[in-house]
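Place chains F, C and W on chain R using the hints.
Chains as they are written, first to last, in my numbering: chain R, 1 to 177; chain F, 1 to 177; chain C, 1 to 177; chain W, 1 to 177.
I should point out that these hints are in silico values taken from the structure, not numbers from a laboratory. Hints should not be assumed to be uniformly reliable.
[Unchecked claim] Lysine to any residue pairs mimicking SDA-like chemistry, simulated, CA-CA at most 25 Å apart:
1. LYS92/R - PRO117/F
2. LYS92/W - ASP139/C
3. LYS92/R - ARG169/F
4. LYS92/R - THR44/F
5. LYS83/C - ASP139/C
6. LYS92/W - THR147/C
7. LYS92/C - ALA96/W
Keep in mind the model is a prediction, meaning the values are calculated, not measured.
Protein chains: 4
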Amino acid sequence: MTHTTSQSDSSWLAGEELDAARQRLPILYVDALPVRVDGQGVVTAVGLLLRVTGEGTITRALVSGRVLYHERVRSALLRHLEKDLGPLALPKVPLAPQPFTVAEYFPTPGVTPFHDPRQHAVSLAYVVPVEGDCAPQQDALELTWFTPEEARDQRLLAEMTGGQGALLRMGLAHVGV
Amino acid sequence: MTHTTSQSDSSWLAGEELDAARQRLPILYVDALPVRVDGQGVVTAVGLLLRVTGEGTITRALVSGRVLYHERVRSALLRHLEKDLGPLALPKVPLAPQPFTVAEYFPTPGVTPFHDPRQHAVSLAYVVPVEGDCAPQQDALELTWFTPEEARDQRLLAEMTGGQGALLRMGLAHVGV
Amino acid sequence: MTHTTSQSDSSWLAGEELDAARQRLPILYVDALPVRVDGQGVVTAVGLLLRVTGEGTITRALVSGRVLYHERVRSALLRHLEKDLGPLALPKVPLAPQPFTVAEYFPTPGVTPFHDPRQHAVSLAYVVPVEGDCAPQQDALELTWFTPEEARDQRLLAEMTGGQGALLRMGLAHVGV
Amino acid sequence: MTHTTSQSDSSWLAGEELDAARQRLPILYVDALPVRVDGQGVVTAVGLLLRVTGEGTITRALVSGRVLYHERVRSALLRHLEKDLGPLALPKVPLAPQPFTVAEYFPTPGVTPFHDPRQHAVSLAYVVPVEGDCAPQQDALELTWFTPEEARDQRLLAEMTGGQGALLRMGLAHVGV
Chain R
1 MTHTTSQSDS SWLAGEELDA ARQRLPILYV DALPVRVDGQ GVVTAVGLLL
51 RVTGEGTITR ALVSGRVLYH ERVRSALLRH LEKDLGPLAL PKVPLAPQPF
101 TVAEYFPTPG VTPFHDPRQH AVSLAYVVPV EGDCAPQQDA LELTWFTPEE
151 ARDQRLLAEM TGGQGALLRM GLAHVGV
Chain F
1 MTHTTSQSDS SWLAGEELDA ARQRLPILYV DALPVRVDGQ GVVTAVGLLL
51 RVTGEGTITR ALVSGRVLYH ERVRSALLRH LEKDLGPLAL PKVPLAPQPF
101 TVAEYFPTPG VTPFHDPRQH AVSLAYVVPV EGDCAPQQDA LELTWFTPEE
151 ARDQRLLAEM TGGQGALLRM GLAHVGV
Chain C
1 MTHTTSQSDS SWLAGEELDA ARQRLPILYV DALPVRVDGQ GVVTAVGLLL
51 RVTGEGTITR ALVSGRVLYH ERVRSALLRH LEKDLGPLAL PKVPLAPQPF
101 TVAEYFPTPG VTPFHDPRQH AVSLAYVVPV EGDCAPQQDA LELTWFTPEE
151 ARDQRLLAEM TGGQGALLRM GLAHVGV
Chain W
1 MTHTTSQSDS SWLAGEELDA ARQRLPILYV DALPVRVDGQ GVVTAVGLLL
51 RVTGEGTITR ALVSGRVLYH ERVRSALLRH LEKDLGPLAL PKVPLAPQPF
101 TVAEYFPTPG VTPFHDPRQH AVSLAYVVPV EGDCAPQQDA LELTWFTPEE
151 ARDQRLLAEM TGGQGALLRM GLAHVGV
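Here chain R stands alone, though its shape is the one from the complex:
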């Protein structure tokens, strides 16, 4: 996965300073798995973004981004969900700060299932129901909903990079599907 830095970050940390920090510190991220649920709370669909990477490859991705200085984890979750899914998505941020897992993206492949060539990112991962209309924004081309069965398909998982396919599987396992 190539984690992207949105422009709104610039007021917090200039690009070159962030680049320096990325060589020295683990950077805190959140990963969100947007889902549709039925009236009993059963997950019926999982939303994946279609992105074009810097190298021009097309990948499927979770909603993901950095937690800023003096920003709460739940605010970062909301901000990235709104940034990627649009202002009408109505995400329901989890009540509890306990994530379903912690994904450790290492710059060196193979240390964990997660890899990010640019940095050591440690990401708190949550499953987030969205109830409104989603319209992909910015560098996301499209948001596609998959049934839990489709989302476990090997070909789909292969379109995800940096270990996000593993993270998707962990999220689905957590919600029992």
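Below, chains F, C and W without anything else, positioned relative to chain R:
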């Protein structure tokens, strides 16, 4: 806590058979802590029922009840929330089956923090946001909303029986307040 | 999965009474995924039992069994681990009662990923490190250790019944492998 | 809480650079609640460090520290436990990366229950059984074991700073005591 059996149970298990089973098997329950949350998922209030026990004592209680034969845990949660809070409460049942804790109510006091003189009940406990209008039903006199600070008050906790005060504290700890 | 009843249950509940209860109530179970861990707590191997079912089929299985009347969940976990892995297995029962998931085995296939033709069993599932020597006991023919990669193999998962393959995958996802 | 930086950090990030990053980025921490458990996994005692802060005040504290660049969360946990409790403590790092909560220490008091005047620290919190002999090291004067009941005492909690009293209560709630 004296767990109550609603009349709708009768089609599943006649009263005397259930009484016999209660002397022989742990009985599966759910406990729900109804909460109000703000737009960022922060718990702003906790709902407690005011009940009159069989002995005429007034107690504060969580939403609680048995899981029936061939009933899913999430359906039991919804059923008991609707039974106690009314049909317009709009509870959001958790996506994941993982409870925040498992409360083991023993007929013998002191084995665990939880006690139920009538039976050995094992209860899966969840925090459940409710978004609609709550109207206490059946044997609940009233539903009162407390701020998380008020809900930690020793006098309030003392009005709860069977260890539900401890369970309330565990639920609040889980959501980070 | 055909959950088995050990003889030691007989003092708690006579066979025919239990059979009657099984038609009327959800029965509380525990499922344990025995694992070996390295010094950093990373799961290096998963233990699966080889069992012969009543029909003579050979299956792979998790450690699984009923919670008895007046028995704590953690005591039930220990009892079933010792029954299946022998007295020298030295299992480390989890500190927290929170299971990684709750598996709902329905007598009707397809309601959940879990199925038990004999009963409606609701099982609290835990990953349990075992540090000692394991010697399969009673109706278990063998205990085999698999690496996490081997344990995700489709052929291995196909040898598990009642949805325990799904439960194994959920447990592995929970520990991040 | 005044999170301390050990000298071993210096090879990773020079002091002034870290100070600069601390004004710009959330810094990733781990908090560990060391516990003694009995043979059934029940927590029987909680270990708290006695520390002298830079201002000369004596406080009780959890084991806590920074996650370094290219360090796994579980390695950071082990490193800080060994640093504070000595090399013979034999901590059992949790198998699952899922923390019991995430403590967000803000430089501004009141945003969350957690406060750190020097930085915005986001800490993954775990309960960790230790089986060996503990000998406080470095800037810890003493390690004292308290029963879970003693650990909930208001006076003891008042000796903890930065919200670690709240974190201790959350950890105890998680393990069901």
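Going through the hints against the structure:
Restraint check for LYS92/R and PRO117/F: the C-alpha separation of about 39 Å exceeds 25 Å, so the hint is violated. Of the supplied pair hints, the one linking LYS92/W and ASP139/C is violated, its CA atoms being roughly 32 Å apart against a limit of 25 Å. Proximity of LYS92/R to ARG169/F is assessed by CA-CA distance (about 23 Å); at most 25 Å being required, the pair is judged to hold. Taken as a hint, the LYS92/R and THR44/F pair is honoured in the structure, with Cα atoms around 15 Å apart against an allowance of 25 Å.
A threshold of 25 Å between alpha carbons decides the hint, and for LYS83/C with ASP139/C the separation of about 10 Å falls inside it, so the pair holds. Taken as a hint, the LYS92/W and THR147/C pair is honoured in the structure, with Cα atoms around 21 Å apart against an allowance of 25 Å. A C-alpha spacing of about 14 Å is found between LYS92/C and ALA96/W, which places the hinted pair at or below 25 Å, so the restraint holds.
Consistency note: the structure conflicts with the earlier hints numbered 1, 2.
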